[in-house]
Amino acid sequence: MTKRRTRFTETMTGTVTLTGEREARPVRLDLEVRTDTVLLPWRTTRAQARGRLRVDGWEGATPVAGEMEISPLARRRIRYRLTFRRDGRTYLLDGWKSPSPRHPLTSMTVLPFTVHDEERREAGRGTVRFSLSGALLPFLASFRFPAEDPGPAQLAPRWNGRPGRTEVWYTTLTDPSTGTGVWLHHEITAPEDGSRAYAHGWVAVCPPGGPVDHARFGPEPVTPDAAGFRATDALAGPGRLRGSCGPYTWDLTEHQEGATLHTFPAWAWRRPLLPAAQIVPGGRARYTGTVRGPGTDLTLSDAPGATGRIYGHGNARRWTWLHADLGGGDVLEVVAAVARRPGLDRLPPLVFLRLRRAGRDWPRRGTRTALGWGGLGRFRAEVGLPSWTVTGRAGPRRIRVTVDQPEERTLALEYTDPDGSRAVCRNSVTADARIVLERWWGGWRPEAAWTLRGTAHAEVGER
Amino acid sequence: MNTATEGLLAALLAEEDPAAVRAVAARLDGALAAMPRTARAAMAAAARAVDVCARARHGRPLARLTPQERERTVTALASRPGTAHLMDLVKVPVLLAAGTEYHARRATPAARPVAPADPPLDCTPSAQWPDRQGADAVVVGSGAGGAIAARTLARAGLRVLVLEEGRHHPTAEFARRTPLDRFGALYRDGGASVMLGAPGVLLPTGRAVGGTTIVNSGTCYRTPDRVLARWRDSFGLPLADAPRFARQLDEVERTLTVARQPADVLGANGRLTLLGAERLGWRADTLRRNAPGCRGSCECVVGCPTGAKQSVQLSVLPDACAHGARLVTSARVDRLLVERDRPGGPRVAGVAARRPDGTAFEILAPLVVVAAGALQSPLLLRRSGLGGHPMTGRNLAVHPATSVAGRFAEPVAGTPSVLQSAGVEELHDRGILLEATAPPPGLSSFVLPGAGRALRSGLEGAGHLATLGAMIADRPGGGVTGRERAVSWYRLDPRDGRRLLDAVRAMGELLLAAGAEEVFTGVPGAPSVRSTRELDAALETVTPRQLHLSAFHPTGTVALGADARRAPADPLGRLRGVRGVLIADGSALPSCPEVNPQVTIMALALAVSEAACGAEGG
Chain A
1 MTKRRTRFTE TMTGTVTLTG EREARPVRLD LEVRTDTVLL PWRTTRAQAR GRLRVDGWEG
61 ATPVAGEMEI SPLARRRIRY RLTFRRDGRT YLLDGWKSPS PRHPLTSMTV LPFTVHDEER
121 REAGRGTVRF SLSGALLPFL ASFRFPAEDP GPAQLAPRWN GRPGRTEVWY TTLTDPSTGT
181 GVWLHHEITA PEDGSRAYAH GWVAVCPPGG PVDHARFGPE PVTPDAAGFR ATDALAGPGR
241 LRGSCGPYTW DLTEHQEGAT LHTFPAWAWR RPLLPAAQIV PGGRARYTGT VRGPGTDLTL
301 SDAPGATGRI YGHGNARRWT WLHADLGGGD VLEVVAAVAR RPGLDRLPPL VFLRLRRAGR
361 DWPRRGTRTA LGWGGLGRFR AEVGLPSWTV TGRAGPRRIR VTVDQPEERT LALEYTDPDG
421 SRAVCRNSVT ADARIVLERW WGGWRPEAAW TLRGTAHAEV GER
Chain B
1 MNTATEGLLA ALLAEEDPAA VRAVAARLDG ALAAMPRTAR AAMAAAARAV DVCARARHGR
61 PLARLTPQER ERTVTALASR PGTAHLMDLV KVPVLLAAGT EYHARRATPA ARPVAPADPP
121 LDCTPSAQWP DRQGADAVVV GSGAGGAIAA RTLARAGLRV LVLEEGRHHP TAEFARRTPL
181 DRFGALYRDG GASVMLGAPG VLLPTGRAVG GTTIVNSGTC YRTPDRVLAR WRDSFGLPLA
241 DAPRFARQLD EVERTLTVAR QPADVLGANG RLTLLGAERL GWRADTLRRN APGCRGSCEC
301 VVGCPTGAKQ SVQLSVLPDA CAHGARLVTS ARVDRLLVER DRPGGPRVAG VAARRPDGTA
361 FEILAPLVVV AAGALQSPLL LRRSGLGGHP MTGRNLAVHP ATSVAGRFAE PVAGTPSVLQ
421 SAGVEELHDR GILLEATAPP PGLSSFVLPG AGRALRSGLE GAGHLATLGA MIADRPGGGV
481 TGRERAVSWY RLDPRDGRRL LDAVRAMGEL LLAAGAEEVF TGVPGAPSVR STRELDAALE
541 TVTPRQLHLS AFHPTGTVAL GADARRAPAD PLGRLRGVRG VLIADGSALP SCPEVNPQVT
601 IMALALAVSE AACGAEGG
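Residue numbers (full-length UniProt numbering), protein chains in the order written: chain A, 1 to 463; chain B, 1 to 618.
Chain B with its partners taken away, still in its complex shape (with noise of 0.2 Å):
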């Protein structure tokens, strides 16, 4: 870490120990080393940048000016229009990693519970594959779809091969590593995936055995009867049609073990919530979730250390290797194999994928099963030569998202607490729904406004504030581009920007309703409001592209459908133009699902491999 980025974690954080300053440096240049170079080096860049400032203005590097020098110097840039949504940017990693140093600091470690054996499964790390196999059918991707696809073609007898591209972690693991360990080591791209456009969000997908299901809060809302019908009769998925569907939604359930959140562990940030919308007159409850026994540790986006959420490798993987699946770690896979020449048009052979130092090994098999994700999965396509179809990588739906904070006398962190306890359903038939999300313990998720002593007194009074998380179903309107690296682009729906700022809006007046002192909107022209004549004065002149955006859940971009002008793949799942691959994975989704997709994804994947290999109803 050079000078110039110490200089500028000092100023940002109004920090005068160079031991301390260090300490943040190191935690932020390991979570920097997980992400792609062109995130570093835009770090590295911002950080020059507010030197070549100092300089400027003082004629000093920035590590050399004194604390009330540097003070001035990013309060001013922060306060600026033109640069506060750059710094903002840049507050992102360094608030990781202050919060996880000052948590590290202040917090005596914990006695942790004692991590419970994961269930077994059989995991091959890539290095140890031989160079050539056979099998009956091979899945790529471990994730919600993969993973159900796998179990499902494992129950019909078929020789299963899983290849997935991160390694799996197991419980003890996460027991033993920092949440930011954990986060780099998760996430593809260290977290540090953007999507291009107006504006320009993150969009964080998991990387490892168990997909984006390892890092995703656990809440398992059931596929809306609306989105349901709209895939039937506008997309004509006969699969979709509600009483059908219901028995594979019942099947993922009972699977994953999904019940409504007792309300013991809740944590003060959904009781909160709650509250707000009970003094509001507002539909709201406790969420359905995947993890009976939770015991709170609020750790659920960087894999639960006690194994309580029961994600795909510890509910539905194990069951697939019980049936004589494997799974192919550290894989990541070239290609689809495909054979032209066949009478009746190609059909795909195998894949060909690649070990992390470089060598290929293959797999053949007359069913492949594309599970790769979203971004991914088109990608794979491409590669293969079978991304011809105009709609393959388009129609990208996410869920755009934005969150507001609520400063509370009381303290709000400390006591056990679930990451995602609460949603709040009064708007959601306006496409907005609220759920009250906690951030790990020492991982703010939340840019605090400000910079400087603001900052500093904002992130130790972190414990105080209670965060609530508004996502928005949107009308897709972006794609993914690429063969080896995806790059994702989005534009936002105007209707969709309405929908935030109204999100924006309603997540202020609910947390203002529940007690809360002061409400940190995001908002740049007025960070903080303390009440809802503020609020609606300050988001007056904002546009949505001012928020703090992110972005979760990409769906639809190998989407099925009865149209083959508008569908890459069938109402079935099978990919148009080439016989024996199948689509079981977000991408599939023809649109929006409104809600946290993973239940709607693994039932989609288990009604179309249940289809593949006519075990449908059985």
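Just chain A, with the same shape it has in the complex (with noise of 0.2 Å):
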């Protein structure tokens, strides 16, 4: 059974006051909170929380991060230990709820803490309070419980030798010192005739301005692999990438950084219900080692990247995918395709868009961006060549996403389908991106936008 992990929100609104100072300032704590286990109330749940806290006369949001101990029950306790930095010190707010049977909803509201100074001093005092009219639903509307992120272990091949599936390792790359671009590309077809699996794949190099230079390897039967893809020449593990195809070699270790990035809904990749879904593990990934090839000799140190998977029944119809790193941890994932079922593929390009901005991710439902309220709402592509474009709004935001790929840095390639169709994919691994995000504040105000001038991955498929 798959293990699953507790994350919910929570804000509080009170009063603290700071040592030396008689009058209480205002305060507001808003909390994201992570368990890596079900929040379960009549256990004890260690859990990490992160968040702001702003105070009159503070500017701005102070970043907090800390634990938490949730025990409602058991221990009667709801402890919070949250440390902020401030005017170059470091504080330690901590405070505890304790349940009571004889004042539920006091003590389980009210949160009284101290804050310390790095000395263990007292630095101020004060009492939060959960608001159950103004707080209460979108709390209880926060609380998600997803499944425990299994990291590089994704990598694992998921084909199961059935006829007519098709999966892909590919990784994209760009080497910051030159700004070249590198696509490595692993896949296994398993024909839908029942003629026998193939393994076979790709490099592609693209230094900046083009043009862009490939070598492929394979055909070749299929080696099973318990961890990853593995050809005669090509390796595709957990944390490793290594292989030789024509005048190329390349020898690359991987490091994830973060948690799986689910472009598609999250089931749609447990259970394969739609014809295909991808994932990016890690969301963003650093890459180290050597890619060498014709005109090509690149020593690479944390080169800024990612590492996807794809499993279905072959190739979208009509498809766009975009990868940017937008640096500091956030990254942008993006396909929009027009399925080949009958019936789907008179529906215009469904888009699955995953903004992962501060650790969080945007929107947070997965099957908002494709479907919005009953296709209400629903995010929009614009698909062509060299230009395409994104749109759309969830909650209180907004987004524009604009892909530039020249020709001269785009390669275009041959995809065959399991059922032996073809596809023409335009790739191109130093393309330029313009990203608009606004929120709502009574009328559109910008919120973050960023450009990226040949590091952003991008992708356009049609037949």
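Derived from the structure by calculation, the hints contain no laboratory data.
In this text the structure is predicted, and so the values were computed from the model without any measurement.
Any given hint might turn out to be false.
Straight line, CA to CA, 25 Å or less: simulated SDA-like cross-link-like pairs of lysine to any residue [what the hints assert, rightly or not]:
| # | chain 1 | residue 1 | chain 2 | residue 2 |
| --- | --- | --- | --- | --- |
| 1 | A | K3 | B | D341 |
| 2 | A | K3 | A | L273 |
| 3 | A | K3 | B | R342 |
| 4 | A | K3 | A | R46 |
| 5 | A | K3 | A | P342 |
| 6 | A | K3 | A | D36 |
Reconstruct the complex from the two isolated chains, following the hints.
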């Protein structure tokens, strides 16, 4: 059975009196809490909490991070230990609720706390309260019980010998010193007609400004491997990418940096109900090693990129894909596709977009961008070349993604589906992208914007 | 104060001046205000009952009788065997109030020496304490055991918080207020804590920063070797091995600057005791005390007004605070927080406490030292769900005590004197320790015989009384029940009853040998005797229940011991059934220590807290 975790958000407001001051200041504490197990109230659960502390008179929100001990029944305590930095000093906010059957509401909603400085001297004390009228519904609605992130273990093959399946390990990365983009593609195709499955792939290297050069390996019989992809001259497994293909050789170590980014809903990867699904284990990764070939001699050190996985019945009728490393741990992944199944092929492209910012994935619901609310409010894609766009709105935010794939920096390759049909993929690992995120504050106001020049990885596929 | 009570006061004290009666009534009212509601109700009921007797006898309430009629009413009640004991109980607070009032009227206020500044304490009233706090160790109670445990843990580098239910009383406050005022403030229940049983006796305990050490007499006996041998051999306490325990006793004596009381301020009470012992050829000496530079204020039991007595708030707690310990005062600990879902069994996590206004606060700490005293520690454990051991709250040992006064021709009071000055150890091997114990000026602790004019003349002649007290090493025969309020009960062992009568005889004999004209035995049938023959005759038919008994030094309610069935705590003071709880007060003593227990409690607390922080021998 899949091990599940718990995630929720909590907001409390109240007052704090800082040591040396007579007047209490209004304070607001917003937290996102994560646990590694399902939160069961009769057990004691340790959790990680991070969020923001806003104190009247302090400029902006102060990031807080720490841990919680959630034990409302066993220990009758819900403890918060959060650290934050201010004016170059580290402070600890330590407080706990003491649930009591005599005063269930008060004791579960009132959090008295004390703030200590680095020398354990008291720097302030206060109380924040969880508002049942204002905060309860968002609190309850925020609860999620995601499956435990298997991390690099998701590089293990999904294909179990059934015909009519295709499985892909692909890695794109950018050498930050030269701006060269690298694309490693490893694929197992099991033809629908029951003929023997084969493994194949390629390596593509694109210096800044182009042109793109590439070399293919395979096809060859599938070599079973429990951890990842293996062929005679190529290996793609947890933490390691190695191979040679024509004039090219590569030997890279991979360090995944975060949780899996589920571009498609997480269930679509666990249960193959959709024609195909894609995930990015780690969300983003760093690569160290060498890539050598004609005119290419890259020695990489913590080069940004990502390894994605695709498993399904084959390629879409039309699709676009974008992986954009936005820096600072933020990343944007977009897939917009028109399926080949009868009926579905008449729909406009379904957009699957996931923006990871400050450790949070937006939009929260996996099907939000593709389906909206019963089709209303779904994200839209305008697919074309050399430029394509995706736009959409979820909650108080809207996003516009514009991708440019100049022809000289784009490589066109032919894909073969398990049913034998063919598609043309135009891929650029040195694409440009412009991403604008806005938030509604009575009017749309810019919240964040990123411009990627030659560091976006994008693809458009057509038939 | 109602007219029935004022009538009773006028009758008991043969006081005809209404203004004086009202003044005594006001003093009594002040003393009763600090006592529990039941004590106040009992006093009011007693006054009404006497009033009813007056109506039945004379057709008018007590307040409207003539002085002669009042005299007849109360003397009749005081002489009847059935009501005499009840009248004696009523007389205790009345004598305290009257003694204070008459002393204040007689004595010209002497110029008090300026009280010295106390060593600094890091004291925070609970009202100013945050609702949530963390620490390395919490000590519940700041008395003898709690203070030394706090100091030991603080010296070992732990962040220690000491929670005290009472408040901090600096020496300057003692110098400012009358003894009776201080009496109500420093004692739990205003000093009216009673042990139920046959017979019911008063068991006063202190409640302030410093615990009972602030109101004890300062007598510092080392634990007798025979007691230590019993604890080691019968109760399996290796730390009570005499040579090993001597290190802790030495350390405590050094901390408290214990020394034999010099004879210069001994006072007539002590000198007469030593004289009587010398004439009888008995072993006696001045007592070893923790009061260097004692000026003979004779107010030890209501807080030393000169700061000479080294109670723990002057000697131990300042050192603990210097090592980082902090005190939170006016903080009653509701319960220990226990985490029962810990791997390896329940573990303490801290304490939940309450301020005087009823608001709660909590402190989390992995180590909690329970040092709330033998009467309160078992209650705290019960409130925390940790009182499941059948011996928790049982095994209560006390020192049953009685006193005898001798009237001398020369004045005994009036000069500087030490409250508890000389000890007679002739009978100590038989479990009887005699100590010369003078009452504080104006506070007569001895229940004078009679009522009306007889009582009044006794009160006015109190300055000629020398008082001896005897305490008996008992067989533990009591217990403490309850969760919020301690209800203690006690059954006097027949052997201890016989010892009490022996003690009364010995004290009478000693006083007569010292030259007393008359000895007040406290025995109803023969309140005063003038020779040993009369004394023997008076004691022939007396039972221990007829004596005026009080009790001191409660111990043993959460005893240490190797036998898990008999002792709630293990030989190192760790409470069984939970991790992180240390017992370090009088309740930890396995049996009666046979001497004034402050040094014993502190040494034991030192030993267990050193063991707890791995600093033993360091």
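Please work out if K3 (chain A) and L273 (chain A) have their alpha carbons no farther apart than 25 Å. Answer holds: K3 (chain A) to L273 (chain A) is near 21 Å, not above 25 Å.
Restraint status (C-alpha distance of K3 (chain A) to D36 (chain A) at most 25 Å): 9 Å, holds
Are the Cα atoms of K3 (chain A) and R46 (chain A) separated by 25 Å or less? Answer holds: K3 (chain A) to R46 (chain A) is near 16 Å, not above 25 Å.
Tell me if the straight-line CA distance from K3 (chain A) to R342 (chain B) falls inside 25 Å. At roughly 23 Å apart (the allowed maximum being 25 Å), R342 (chain B) and K3 (chain A) satisfy the hint.
Does D341 (chain B) sit within 25 Å of K3 (chain A), going by the straight-line distance between their CA atoms? Answer holds: K3 (chain A) to D341 (chain B) is near 22 Å, not above 25 Å.
Given the hinted pair K3 (chain A) and P342 (chain A), is their Cα-Cα distance within 25 Å? Outside the cut-off at roughly 36 Å; violated.
Of the numbered hints stated above, the single one contradicted by the structure is hint 5.
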